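Just need the whole structure built from these sequences, with the hints factored in.
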Amino acid sequence: MSGLLACLVICLLWKTSASADRRLMWMIASLYLMEIPAAGIVYFNPHRPSNIWYYNLVLTGVYAAYISRYSVLFIEKKLAQTSRVLALLFIVAHIMNMQFGQQMKMLCTNTLVPANIVLAILAFLHLREQVQRLTEHPLYQFSTWFSISTFVYFTGTVPIIAVLNYWSAENIELADKLYIINDVLNVFYFLLIIAGLIWTKIKQTYSTS
1 MSGLLACLVI
11 CLLWKTSASA
21 DRRLMWMIAS
31 LYLMEIPAAG
41 IVYFNPHRPS
51 NIWYYNLVLT
61 GVYAAYISRY
71 SVLFIEKKLA
81 QTSRVLALLF
91 IVAHIMNMQF
101 GQQMKMLCTN
111 TLVPANIVLA
121 ILAFLHLREQ
131 VQRLTEHPLY
141 QFSTWFSIST
151 FVYFTGTVPI
161 IAVLNYWSAE
171 NIELADKLYI
181 INDVLNVFYF
191 LLIIAGLIWT
201 KIKQTYSTS
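My numbering applies: residue 1 is where the sequence shown begins, and numbers increase by one.
Hints were generated in silico from the structure; no laboratory data involved.
Since the structure is predicted, the reported quantities are computational estimates derived from the model, not experimental observations.
Where is the CB? At the ideal position from N, CA and C, for every residue including glycine.
Please note: incorrect hints may appear among the correct ones.
To be verified - Computed spacing ranges between beta-carbons, pair by pair: (1) E170 with R23: 39 to 49 Å; (2) A169 with H137: 39 to 49 Å; (3) Y54 with T135: 38 to 48 Å.
To be verified - Computed cross-link-like contacts, DSS-like style, restricted to lysine-lysine with a CA-CA straight-line distance of at most 25 Å: (4) K105 with K177; (5) K15 with K203; (6) K201 with K15.
What follows is the structure in structure tokens.
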């Protein structure tokens with residue numbers, strides 16, 4: 001529900017948002033919209049309900065987009081260049097993992113866990129840069145809220161993704177509980193995004209009036 005609400009807020013604020021913020025908003029909406037085909041795969045294939053292969057494929061683009069986006073958000077050129085390289089390395093490593101490593105029958109955690117850690121670090125470095133270099137309050141920038149939510153979500157999901165394959169095979173009940181924790185983090189992510197969208201829009205409105 002929080003993801004849908006975030007998409008509605010994005011639609012309402014789309015026309016009045018800056019182009020840089022629109023790119024972030026599109027990425028955020030995509031994170032929610034990718035769940036619709038995932039649910040459809042399970043619903044229309046009750047005898048083979050696994051949608052892990054779908055997540056492995058789609059998350060290639062999602063993670064690459066998130067990592068590479070920091071090449072634009074960073075002011076420092078070295079950090080921006082590093083983000084581009086890391087995005088490319090992830091794409092290559094994840095495709096190799098899907099093809100020759102863990103393959104498509106399980107979640108490709110060998111590449112997704114490091115990608116989560118990379119995103120958490122990039123988000124933290126961006127937040128630090130915002131605090132050190134911005135002349136105005138960092139929370140007036142939507143990119144700050146984006147990095148806060150990214151840091152919280154991708155840090156929180158590291159231990160979940162790391163053990164998910166093991167518990168899915170050994171104890172499905174515990175694995176289901178891990179999915180619930182992930183859903184809670186997902187809700188928190190979108191609530192932070194909604195708060196950021198509304199807060200920054202209010203501040204922009206007052207500053208131009």
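Checked hints:
no. : hint                       : in the structure
1   : E170 with R23: 39 to 49 Å  : 41 Å, holds
2   : A169 with H137: 39 to 49 Å : 48 Å, holds
3   : Y54 with T135: 38 to 48 Å  : 44 Å, holds
4   : K105 with K177             : 21 Å, holds
5   : K15 with K203              : 17 Å, holds
6   : K201 with K15              : 12 Å, holds
The structure shown violates none of the earlier numbered hints.
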